[in-house]
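A.B. asks: Whole structure, please, built from the sequences with the hints as guidance.
No gaps in the numbering here: position 131 of the sequence shown is 131 in my numbering, and each next residue is one more.
Be aware that a few hints might be false.
Cβ-Cβ distance ranges computed for the label pairs, FRET-style [to be verified]: (1) Q65 - D41: 44 to 54 angstroms; (2) S33 - Q94: 34 to 44 angstroms; (3) I97 - K40: 22 to 32 angstroms; (4) G42 - G87: 26 to 36 angstroms.
By construction, these hints were calculated from the structure, which means they are not laboratory data. Each residue gets a CB set at the ideal place from its N, CA and C atoms; glycine is no exception.
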Amino acid sequence: MYESITIIGRLGKDPEMKYMPSGDPVTTFNIASDRQWNGKDGSKQKETTWFRITVFGKQGEMANQYLSKGKMVLVEGRLSVDAKTGGPRVFTGQDGITRATFEVVANTVRFLSPKSEGAAGSAPEGGAPASNEGGDGEGIPF
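C.D. replies: Quick look at the structure:
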């Protein structure tokens with residue numbers, strides 16, 4: 001069996017890197033993917049879906065170093081479901097509204113923003129495959 005998801009979106013905030021007890025790096029960041037269409041009345045409609053991305057190993061280090069808020073990225077990986085619900089992680093935002101986020105363990109992260117866009121420094125072309133190790137899915141995307 002095989003499961004894969006591909007997402008293109010922009011980072012909602014800078015990545016955060018931590019280290020597992022084994023010393024291996026793990027980086028998390030959130031991306032927003034927008035879908036736009038014209039409604040029946042001709043008005044523009046927009047829907048934003050948030051994804052929480054977890055990247056392990058060397059690619060996690062690269063993501064932490066070169067990605068920043070607003071950068072566009074392509075992520076390929078697998079969905080990681082909430083153990084309690086079997087679906088997306090559901091939480092209550094600071095404004096009291098119930099929200100959901102989909103968690104993805106990345107296999108591949110590709111940097112799509114031009115080098116001149118966003119943070120200083122030059123990002124490498126594309127990305128390398130990341131490890132599929134499990135991780136702690138704590139945190140809220142906002």
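A.B. asks: Taking the hints in turn, state whether each one holds.
C.D. replies: Each hint tested on the structure:
1. Q65 - D41: 44 to 54 angstroms: Given range 44 to 54 angstroms: holds, Cβ gap about 46 angstroms.
2. S33 - Q94: 34 to 44 angstroms: violated (22 angstroms)
3. I97 - K40: 22 to 32 angstroms: Distance hint for I97, K40 holds at roughly 26 angstroms.
4. G42 - G87: 26 to 36 angstroms: At roughly 34 angstroms between Cβ atoms, G87 and G42 fall inside 26 to 36 angstroms, so the hint holds.
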